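Colleague: Sequence:
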Amino acid sequence: MGGTKRRPYGSTAKTRQMVLAALGVAKVATAEQSRQLMCPGAVSGQTVRNGCLDLGRDGLVESLGSASRSNAVGDLVTEKLGNLTGPGLEAAATVLDRPVRGGSTDAPVADRHQRGVQDPRSTALPPRP
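With numbering that gives the first Met the number 0 applied, the sequence shown closes on residue 128, and no number is skipped along the way.
Incorrect hints may have been included.
As the list claims (entries may be wrong) - Label-pair ranges, simulated between beta-carbon atoms: (1) P7 to P98: 28 to 34 angstroms; (2) D74 to R5: 32 to 38 angstroms; (3) L75 to K13: 30 to 36 angstroms; (4) T93 to S69: 33 to 39 angstroms; (5) S62 to C38: 18 to 24 angstroms; (6) C38 to R68: 25 to 31 angstroms; (7) L95 to E61: 18 to 24 angstroms; (8) V72 to R5: 36 to 42 angstroms; (9) L95 to S65: 21 to 27 angstroms; (10) G64 to G85: 17 to 23 angstroms; (11) V72 to V99: 38 to 44 angstroms.
Hint data in this document are derived by calculation from the structure and do not stem from the laboratory. Just so it is clear, the structure is predicted and the values come from calculations on it, not from any experiment. Where a beta carbon is used, it is the ideal one built from N, C-alpha and C, also for glycine.
Please construct the entire structure, taking both the sequences and the accompanying hints into account.
Modeller: Given below as structure tokens:
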């Protein structure tokens, strides 16, 4: 990893902003879901995972547990679920240029898990009338 003392996982400011924006909208997501939401053309989710890890060291992102899915080959893949902390919610509100909204503490744990494993692009779409 080409990191520094401040950013040991080598994430860029742009990557960290993308992670904050994705979690500010989706509330709970894996790195792969954040990648699909914010940079769908990217080949690997490693960049987003590194951003999550660096933000975690800053106390802005925490891991709630994990979610499993099948990849394109059919293998089972387990990924960490990311969630914004209180300061992370404030940072995401700044990135998204909107007021701070309640985070995962507003929903029961089961609801947080369900939102975390659904298609992340659906969280960015406006509700149907």
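Colleague: Does each hint fit the structure? Answer for all of them.
Modeller: Now the hints, each set against the structure:
1. P7 to P98: 28 to 34 angstroms: For P98 against P7, whose Cβ atoms are near 32 angstroms apart, the range 28 to 34 angstroms holds.
2. D74 to R5: 32 to 38 angstroms: Since D74 and R5 have Cβ atoms about 35 angstroms apart, the given range 32 to 38 angstroms holds.
3. L75 to K13: 30 to 36 angstroms: 32 angstroms, holds
4. T93 to S69: 33 to 39 angstroms: 36 angstroms, holds
5. S62 to C38: 18 to 24 angstroms: 21 angstroms, holds
6. C38 to R68: 25 to 31 angstroms: 19 angstroms, violated
7. L95 to E61: 18 to 24 angstroms: 19 angstroms, holds
8. V72 to R5: 36 to 42 angstroms: 37 angstroms, holds
9. L95 to S65: 21 to 27 angstroms: About 26 angstroms separates the Cβ atoms of L95 and S65, which means 21 to 27 angstroms holds.
10. G64 to G85: 17 to 23 angstroms: Roughly 19 angstroms apart at Cβ, these two residues keep to the hinted range, so it holds.
11. V72 to V99: 38 to 44 angstroms: For V99 against V72, whose Cβ atoms are near 41 angstroms apart, the range 38 to 44 angstroms holds.
Taken one by one, the earlier hints fail for this structure only at number 6.
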